[in-house]
Each structure stands twice: as structure tokens, then as C-alpha cells.
Amino acid sequence: MTDTAATVSTGLHTDAAAKARLKGRYAAEMRFKLLGAGAVALAAFFLLLLLSTIVTKALPAFHQHYVTLPVNLSAENVNPEDPSSANHLGIIHDALSNEFPTATGRQERRLLRGLISTGAGVILREEIEADPALLGQTPGISVPLDDFADLYLKGLLAKSGESRELSGVTVSAQEGDVDLGFADSTILELARGARAVEGDGGVLRMTSGSDSFLLDIAGGVVKLTELAAADGGGASGKGIVYEPLTEAATSPVAATLRTIVTAEANRKITDREIVWLDRLNARDLIESRWATLFFFTGASREPELAGIWGAVIGSALTMLVTLALSFPIGVSAAIYLEEFAPKNRITNLIEVNINNLAAVPSIVFGLLGLAVFLNWFNLPRSAPLVGGMVLALMTLPTIIIAARAALRAVPPSIREAALGIGASKVQTIFHHVLPLAMPGIMTGTIIGMAQALGETAPLLMIGMVAFIVDIPGGFTDAATVLPVQIYMWSDFPEPGFQQKTSAAILILLGFLVIMNAIAVVLRKRFERRW
Amino acid sequence: MKKFVLSASAAALALAASAGVAAARDQIQIVGSSTVFPFTTAVAEKLGQTGKFQTPVVESTGTGGGMKLFCAGVGESTPDFTNASRAIKDSELETCKGNGVTPVQIKVGFDGIVIANSKAGAALELTKEQIFKALAKNVEVDGKVVANPYMTWADVDSSLPADKIEVLGPPPTSGTRDAFVELVMEEACQEAVEAANEKACTEIREDGGYVEAGENDNLIVQKLEANPKAFGIFGFSFLDQNADKLQGSKIGGIEPTFDNIASGDYGVSRSLYIYAKKEHVGVIPGMAEFITEYTSDAAWGPEGYLADKGLIPLPDAERATQAEDAQALKGMGS
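Taken in sequence, the protein lines are chains A and B.
Positions 15 to 544 (this note's numbering) are the ones given, in order, by the first sequence.
Positions 56 to 389 (this note's numbering) are the ones given, in order, by the second sequence.
Isolated chain A (complex conformation) (with noise of 0.2 Å):
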């Protein structure tokens, strides 16, 4: 029996069929090792890739581009004693008008009133209001360009080729329509490769659909229209003057050849608006700022005014309605079923249902509460008051829990001895248990809010999707909170907002980053083992 026995084990463990086995046991536990990093890489991937784009996509919305115009404020435009009742925008529409004495005609002044921000005339008015020694001067203001014509500033809407030197160029005129002379063909070449269109008799046409061919010549600016060969080499052309030249350049100088590759028509803006925004550019009246308006002003229908202080302001209320109301719930609910409450089957029914509570749909805490607090009790919609309640319901299982879970890990070691030298079961508690709890409790709360932070569908039903403009003054004022300023944001037509909806997520999960630091310093700091 023992010689069986004997035989069997060795036999088991060291034959080829054994090593085999162990070989193939090692070759799994490798293949699980490489699956699992392989799976950690690619979640780490996801991640960058994920971040990568929206960091990418969010900076150009941290710094916005600003014209500093001279303003006339004599008292023919403001009223010294009404200062406020003005026309301040029609003052700065004038005010770059006067950089370009030659853009006349409705529409060309309405092409070039657009390069400025609407929102340029609420600002004087502010800058007015906070300095009424400003009246009576020609002061230097700086407002805000239009989206579009920031975009454009910040390379994002046309994309410049390379610019050539030429030289041996004519213009027969310093203003509207002119011909052109060029000493050598290969413009024809370039504007063959610009995809202008060949037409009878071998004329090019630059179209909205082609590259637009610019020349800076004598001061001005010509934009190319039509090419064609020249008797006796070289070529012709035909061009509108965007920028009167300094003197008619009939005899031949040299110019310099500007392409912009992206075609007009797949642009958001024109010739046109390019060369003023370089006009400006060049006069050094353009500046490049930090996008203090994104960050300190409310929301608004013009990407390049459109701020997220409000819903910062808004998360900020709704998340202390939110923590006054399920901080001081939660914990006491905790206390007394883990500490008081008798172990019967209602106590065990309530913490059944307090778990099952934790993964209720967020939505339905919103259903609740416009059934409860909106239609029932009639509390103003919109309000971060109502958006707290709403959150503190859907918050208080989980501080329910992890509170519980805290209470739980103190030693009974301490309660037996708070009692033996004879305090009360409430003095125990209070005194000696629920500190040694807290940093449990804290964390648990802190990762209850930060998930509340970024909660969008309950607040749906209790009209916080709204567009407001006001920062929120107090509890029941209307307010949008953070993530639902970037769910606005993101179904905005105009391509500026996409920016700020990227930059607006930065700014969230920069919250959740601070509020999950926060939770492992207090961890840290007040954790207790035993």
C-alpha cells in the first residue's frame, strides 16, 4: 500500500507528462501577467489619447486676441451727464472705421463692423462707468475680436502658403479694379497649381474655389482675379485693390506674393477680413491676451464672450446645498443604525434598501424632485438650492455607507474602555468613536461629492440646462452648474464654442483632480491603524 503510494507521487510529479503540465501552468500564468499589463497599456493609452485631445483642443480657448482702438468720447458721442445711454458699440464701429478710411458701401463697413466682438460696446460702457475721466478724451480701448476673426488670429481657420518674392510687377491704379503686369510667367504656373480655373483663351481665374493669390505692392494690397499670358513673355492680370496702394506703380517694382492655400469658399472668412486683421496686426494694434473673460464672466450666445464662472459659481452652491444637507444626514443615519439601532428585520430591510438606493439612476433622483420640491413644495426652478437637494438624495447612501463602513473599523476596544470609566453610550460615541471615524467618513463623503460634481441628468429635469446669463447671487437664484455648461457648449453650431467645451472639461475634472487630493490628504493625515 505504501509502495503504491510512494511510487504514484514521485511518478505524478516528475514525469514528462508533469513537467508538461507545470510548463503549460507557467505559460499561462505569463500569458495572464502580459494580458493584464497589455490591458493596463491600453487603458493608459485611452487615457492620454483622451486628454491629449482635449488639452489640445482646449488652449487655444486660454488665451483670446484683443484690437486696441482710439475711441472719440467727446460729448457729441457720450452725453457727459448720461454717460451710460450711448451708442458705445456705434463708437468703436467708428473707431475702426477710422483705421480704414477706404472700406465704404454697406456692405464692405458691415463686412469689417463684424471683426469686433457684439459685446464691444457693453465693455466701454463698463470701462466709461469705472472711469468717467475718460470723457472728453480719445482714449485707447481694448475690446475683444469677433470668434471667427480669432480663430482666423489663431491659425485655425485658413492656412497660409508660402509667400514669393516677384519682382518687375505693374498696377495701373491705386484703388478698385486694376491690371495687372507681371515680367516673367511662372505666376501662371503657380496659379495653375492654385487650381484657378482655365477658361477661353487661356485665362485663369482665381475663384472662391481656388487658393487666393494676395500682393502686397507699393503699401497696398491686391487680391488677383484673372491671369493670362502676355505677348512677349511674362503675363497679365486683374485684381481689386483691398488696400489702396501708396502711388499707381506703372513702372515695374517689386511685390510680394501672398497664397492663402485654404480656398475662400471652405472658409469662414474672406480675403478681405484677412487683410484688415493683417492691417491691424501689423500697426501692432492686436494683442493676444489671457482669456480672462472665459474664466470671470457668465455664459453667453458669442463664443468670444462666453464664460464659465457662472457654472463655477453655480457647482459651488449646489455642492454646498448638497453637503449641508447629506453630511449631517448621512453621518447621523450611520450612527444610529450602526451604533443604536436594534439588529431586527426593519433595520435590516433599511440597509437593504440603502444599498439598493446607491445604484438608483441618477435620473430618477431628478424625477423625484420635480415631482417633490418643484410641483409639491414650489421652489424656483433653476435654482442650485433645488439641484443641492436633489444631489444630497442621491449622495446619502453612498456617505451612508462608507460612514457605516468607518464606524465599523474603530476598535471596540475603545468604546469598552470609554464606558468602563463611565461615560454615556452618546459621550462615547461623540467623544471618542465618530473622531477616530472621520477620516473614513471624510473620504467617503469627499467621493460622494465629486461624483455629484459632475452629475448632468438629474439636474435636467429641474431646469438647470438653462442659459444664464447673471452669475448666481445666492441659493435661489438661477444658476447652470459645470457639467452642464459643457453639455450647452458642446451642442453650439459656432466652431468657437468647441473650444470651450474642451477648455470648460479641463476646468471639471481640474475640480475632481483637487477634491480626490483633497480626500487622500485627509486620509492621510488622520488615518489611525491599529
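In case anyone wonders, no lab produced these hints; they're calculated from the structure.
Positions of the beta carbon are idealized from the N, C-alpha and C atoms, including for glycine.
Any given hint might turn out to be false.
Only some residues are given here: those of chain A computed to face chain B with a beta carbon under 7 Å [stated by the list, open to error]:
no. : residue
1   : V136
2   : S396
3   : F481
4   : V483
5   : D484
Based on the hints, put chain B in the right spot on chain A.
Leaving out everything else, chain B in the frame of chain A:
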């Protein structure tokens, strides 16, 4: 710790109590259609910029949801305006009247619905019949009503490219979808299909030719950029703002441009409305001024700021009468 818990609970109670006695509302509240939302918000912002009133709060609840809130009664807890991407229904008007609400209807402009694709793809010229054949669930083939057999545009009409039919559009909950069905599908419905089943005209195929792309039109724009063979259905303002990437298909030979929609030549456009609550004018500050701002030429005129946002203005004469009626607060059926 005990003190902290107590003071926190006290704060919570104080909060709850303060809400009960909320002060009289001095901020206009607006609810309703998400299509009109971008325009109404622009006007609301302008009103706030005057510095005389608080900026109205504009909530996007959808036309139906907005009407429900708007008609629920008179008083501070009900909204003052509602946006609508269709005219008020008789049943809604009755509810309004029953609750003592007199709506003032203001037609503010048009919205064109476009079928667009990436500029990298081929430009299409469609008719409503072709769109119906491409997108309906049931079509008529050789006198019989069958499940839509057309897989490519060339199957629908040999003049169209032989690309797979792939149209991204709004889900059934969307007002844009309702308008599209009403203006294109029902109009172009084949007689046999109509006879077969009264719902058949409004049913859109579910075999992959039509993809419900959610309510976010920016998402559709991005997908069209990525796939030049796909088409998308959305409001004109998205085509307008993304004119650098997208082209609108001609429908019935008419291109979806600002002028064509304004003149009524482009066949797929609907009217947009706002409704004011007459009972609240004079009670909630700024309502009359809001109406005046909305109906000013600087806002809804052909060169107003709403046109920049993609609202197609009404013809001059209609704008004048609408503005007059609105400013006189001509209530419905009163």
C-alpha cells in the same frame, strides 16, 4: 465635531426655510423648443446687456414640454415665454385658456431643414420623392407596397451616384425630425403607401440606411467630415456655421441658402414662434422690452444679429404686422 454637525444641520434648515419665502421674481423665465433656443438666448443676452434688467433665463425643454409648463397657469412659478418650433395646438390653447393664460403669438422667422454632406463628397440634387424613396420604411415597387429595397442612391434614381444610402438624422423625439417627416416624407408619400397604412408615410427605415445620431448636431457634422459618402439632416444654422466643411443638397432644384429659405423657394422650411404670457406683462419686469427687442430690425431683420445666428427672417411686410401685433399684445382668441 458635534458642533460642526449641528451647525451644518442648522444651515441646511435655514436654507430650506429661506426658499419658502423666495422674493418676487424680477427675472424673465423662458422655456421651450431647442430649435428656437439659440435665437431667444441671443435676444435675452442683449436685454441683459442694456443693464436695466436681469438677463432672462432660457431653458431648453422642447416645444411640447415648454407648452405644458407655459400653460400650467399664471403666477411667479410659471414661465413668461415659451419657444416653439411649431404653432400652438388647439388642445394646448384650450389648456392655456382653462388655466387663465392668454398667449400672445409672435412668429419670429423660418428655419430651413437641410440635407448636407461633406464638401469632399459629391453634391446631390434631390427631389422630395427621391428622399422619400431613400428613407421611407415602406415604398411602392411595381404597384406593391414592400419594405424599402433600395440600398444605394442609384437604386432610387439612376441619375444619382451609386453610393450606399447613409443618412444621419435626428431621433423621433426631436422637433426637427417631426418637421422633416411632415415637410418631406408626408408630402412626397406615394399613394399606394398611403393607402396601405395611415402611419406608413411617416415611418423611416430602420435597416441602417437612416442612422439616428442623437440630438447633438455637432456630432453629425463631425461624422460627415469623416465620411464624405454620408449625409446628415439638421437645421440651417449648423450648415451656415460649418459652411467651410459642408454643402447642402439641392431639394427640388433649389439650394438651401439664406435667400432661398427666406423667399420660401426652398421647400423644406418651417416657421418658428415665441409665445408671451399676457397676464405677466407689467408684473414681471422687462417683458415688454424683451418683445420690443426681439421684434426690432436690429434683431430679427435681414441683417440683424439673429440672422447671423442662422434665423431666416420673415418677409418685410409680415415682420411689420407681427411686430405691431406683438407690441400691442394681441392675445390669441381674446
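Hint check:
1. V136: holds (5 Å)
2. S396: holds (6 Å)
3. F481: holds (4 Å)
4. V483: Holds: closest Cβ of chain B sits about 4 Å from V483/A, inside 7 Å.
5. D484: Holds: closest Cβ of chain B sits about 5 Å from D484/A, inside 7 Å.
In terms of the numbered hints stated before, the structure departs from none.
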